[in-house]
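S.K.: In the order they appear, the protein sequences are chains B and Y.
Position in the first sequence (first residue = 1) + 35 = my numbering.
Position in the second sequence (first residue = 1) + 3 = my numbering.
These are calculated hints, taken from the structure and not from any lab test.
Beta carbons: idealized from backbone N, C-alpha and C, even for Gly.
It is possible that some hints are incorrect.
As the list claims (entries may be wrong) - With beta-carbon atoms standing in for the labels, derived distance ranges:
{"#": "1", "chain 1": "Y", "residue 1": "461", "chain 2": "B", "residue 2": "127", "range": "35 to 45 Å"}
{"#": "2", "chain 1": "B", "residue 1": "127", "chain 2": "Y", "residue 2": "395", "range": "18 to 28 Å"}
{"#": "3", "chain 1": "Y", "residue 1": "395", "chain 2": "B", "residue 2": "111", "range": "24 to 34 Å"}
{"#": "4", "chain 1": "Y", "residue 1": "409", "chain 2": "B", "residue 2": "127", "range": "27 to 37 Å"}
Stated by the list, open to error - Chain B regions said to be covered by chain Y (calculated; three or more residues, Cβ under 8 Å):
{"#": "5", "segment": "51-64"}
{"#": "6", "segment": "99-112"}
Residue-level listing of the chains:
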Amino acid sequence: MVKRILLAEDEPNIVESISFLLKRAGLDVDTETDGVAALSSALENTPDVVILDVMMPGIDGFEALRRLRADERGRDVPVVVLSAKGQRTMRETAEEAGANVFMAKPFSNAELVDTVLRLAGEEPT
Amino acid sequence: MASSIVGPRIRERRRSLGITQVELARRVGVSASYLNLIERNRRRIAGALLQRVARELGMRLDQLDGAAERRLMDRLAELAIEPRLATHTPEVDAIAELIGRYPGWAATLAVLSRSERDATELARTLSDRLSHDPFLGEAIHAMLTNVAAIRSASEILTSFPDIEPERRSRFETAIYDESQRLSNVAEALAGYFDKAHTAARAATPGDEVEALFEANANRFADIEMAAAKLATEIPEGEAPAARRDAAKRLVQSSLSDAVGGIIAASDEVDTERAAARAKEELEHYAIDAALAPEPAFSMIAKRAGYDVEEIAETLRVPIETAFRRLTTLPRGKEIPRFGYLCVNAAGQPLVRREIDGLFLPRTGGACPLWSVFRAIGRPGEANRQLVELPSGEHYVFVARAREMGRARFGSPRSYVADMLAMTEIDARQTIYGERLSNEAPEPVGFACRICPREDCEHRAIDRLTGG
Chain B
36 MVKRILLAED
46 EPNIVESISF
56 LLKRAGLDVD
66 TETDGVAALS
76 SALENTPDVV
86 ILDVMMPGID
96 GFEALRRLRA
106 DERGRDVPVV
116 VLSAKGQRTM
126 RETAEEAGAN
136 VFMAKPFSNA
146 ELVDTVLRLA
156 GEEPT
Chain Y
4 MASSIVGPRI
14 RERRRSLGIT
24 QVELARRVGV
34 SASYLNLIER
44 NRRRIAGALL
54 QRVARELGMR
64 LDQLDGAAER
74 RLMDRLAELA
84 IEPRLATHTP
94 EVDAIAELIG
104 RYPGWAATLA
114 VLSRSERDAT
124 ELARTLSDRL
134 SHDPFLGEAI
144 HAMLTNVAAI
154 RSASEILTSF
164 PDIEPERRSR
174 FETAIYDESQ
184 RLSNVAEALA
194 GYFDKAHTAA
204 RAATPGDEVE
214 ALFEANANRF
224 ADIEMAAAKL
234 ATEIPEGEAP
244 AARRDAAKRL
254 VQSSLSDAVG
264 GIIAASDEVD
274 TERAAARAKE
284 ELEHYAIDAA
294 LAPEPAFSMI
304 AKRAGYDVEE
314 IAETLRVPIE
324 TAFRRLTTLP
334 RGKEIPRFGY
344 LCVNAAGQPL
354 VRREIDGLFL
364 PRTGGACPLW
374 SVFRAIGRPG
384 EANRQLVELP
394 SGEHYVFVAR
404 AREMGRARFG
414 SPRSYVADML
424 AMTEIDARQT
434 IYGERLSNEA
444 PEPVGFACRI
454 CPREDCEHRA
464 IDRLTGG
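Work out the full structure, taking the sequences as your base and the hints as a guide.
M.R.: Pasting the structure below:
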């Protein structure tokens with residue numbers, strides 16, 4: 036069964052790149068561009084991995100993550116948090132909110148794809 | 004302490020003039036062995052003898068035993084206990100000797116240590132300002148986002164040579180677009196630093212005065228007490244403007260010492276220009292306090308539900324006094340906290356008193372949706388606004404414009420607007436909290452260039468981000 040990834044990111048060019056990479060790695064990708072929609076999609080569709088950008092319209096990535104973790108359906112879904120503010124405090128906030136992995140932008144494609152595959156329980160390519 | 008400098012100083016000067024101990028002793032009328040004890044700081048020297056020695060050595064008295072040396076000694080003693088220098092174990096007991104024998108080097112060392120301390124302090128302040136600057140925060144975020152998109156797309160183009168042409172061209176376009184945005188942000192950043200460089204000095208006096216008010220929680224107990232005494236001398240029946248003039252005269256004639264004392268004792272006000280500005284603002288404070296003295300003011304304000312117009316009418320004071328006075332209320336659980344902003348018709352902030360969490364504009368070009376800017380067009384009308392900041396926080400603004408100075412037929416009129424700012428929770432303790440829950444908050448920002456509200460129809464300039 037093909038693993039499904041939810042990509043929550045509001046920068047269209049980054050969405051384009053990440054979707055392409057994940058599809059090439061054999062994964063299905065759903066995308067959402069605001070925090071509220073991302074949260075409801077994550078709760079309703081239970082994806083195998085969620086990639087959450089921090090700065091999004093509506094509720095930000097941290098808040099979406101906290102609400103996801105507070106819900107039984109989202110308690111265990113692996114989450115990668117992406118942020119263009121790579122300070123230490125961001126990493127700490129991400130971890131406190133329940134992120135499995137924190138990645139600062141700009142990220143390496145290979146590292147991102149490997150991380151998502153590992154969290155989805157697939158063999159890295 | 005001071006006399007311990009004198010001995011070595013006498014000896015150095017005597018030697019440099021080529022006079023023997025015996026000769027100098029003869030000229031000033033003491034024995035050579037007594038002068039020797041003085042030069043080795045084993046005997047104190049003062050009065051007439053010190054004056055004779057100074058004259059013989061061609062020195063002023065204060066050069067031999069002056070306050071300048073005492074300050075220099077204190078400064079060097081301070082330097083000697085500086086933790087970062089402790090490993091060098093400076094000879095603390097030889098400070099007097101150093102000053103006496105090598106006054107030039109001692110003074111140089113003191114000047115260096117002072118300027119090093121100032122530079123460290125300045126660097127700390129600047130770095131603090133940088134890390135809290137909303138423009139820089141947004142600009143860096145935008146750059147990292149642009150770079151992430153460019154890096155990812157260009158890696159795809161090199162790692163997937165088999166990519167279909169249509170998709171390849173989409174990635175190429177993305178790289179082109181993101182590079183354009185990156186270059187815009189970089190240009191804006193360069194311009195920002197150019198401007199910051201020239202504006203830094205001009206901004207400083209205001210910053211220092213604001214820091215003084217902040218450090219005192221906007222309240223100066225000495226002025227409050229002195230002003231309350233002056234209050235009885237202000238004629239009660241007169242019009243507000245006449246009462247203000249009377250208060251101004253009283254404050255200027257009898258409170259300049261209290262105002263000067265606060266400025267002299269403050270760590271925040273350092274430069275002359277800041278001191279002049281602090282004097283002006285503290286005088287305003289004292290005039291307001293004399294017109295609306297405590298503890299009566301707190302009671303009247305509370306009874307009026309903190310309604311500025313009612314307060315001004317009850318106390319027969321100018322409306323701006325009521326606005327400013329509310330920022331000076333003592334801190335307490337049941338007392339709402341008010342921030343204050345006064346702007347001119349060009350949108351330039353004239354006076355700012357911030358409250359926690361709410362950043363008030365320092366320069367023009369702020370978000371035009373704030374009621375303070377709308378108020379300018381409708382003088383005399385107080386309006387309330389419930390706002391939602393981009394962070395999602397709610398504040399209540401109350402703004403009202405007034406005429407500046409005296410109105411005269413045929414002379415141009417100019418207006419400024421005053422604004423109170425309070426949290427939505429605090430507003431509920433005031434008249435401005437009435438029927439607030441029926442009102443939809445108005446989304447506002449701080450300034451277009453950092454505002455995330457892309458679709459705002461009032462946007463004047465583009466936001467400096469990648470998206």
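S.K.: Each hint needs a verdict: does it hold in this structure or not?
M.R.: Now for the hints, and whether the structure bears them out:
Taken as a hint, the range 35 to 45 Å holds for the pair residue 461 of chain Y and residue 127 of chain B, whose Cβ atoms sit roughly 37 Å apart. Our hint of 18 to 28 Å for residue 127 of chain B and residue 395 of chain Y holds, since their Cβ atoms are close to 21 Å apart. One distance hint, 24 to 34 Å for the beta-carbon pair residue 395 of chain Y and residue 111 of chain B, holds here, with the actual separation near 28 Å. Between residue 409 of chain Y and residue 127 of chain B the beta carbon distance is about 58 Å. The supplied range of 27 to 37 Å is therefore violated.
Only when three residues or more bring their CB closer than 8 Å to a CB of chain Y does the claim for the segment 51-64 of chain B stand; here the count is 6, and the claim holds. For the segment 99-112 of chain B, the proposed coverage by chain Y is not satisfied: 0 residues have a C-beta within less than 8 Å of a C-beta in that chain, short of the threshold of three.
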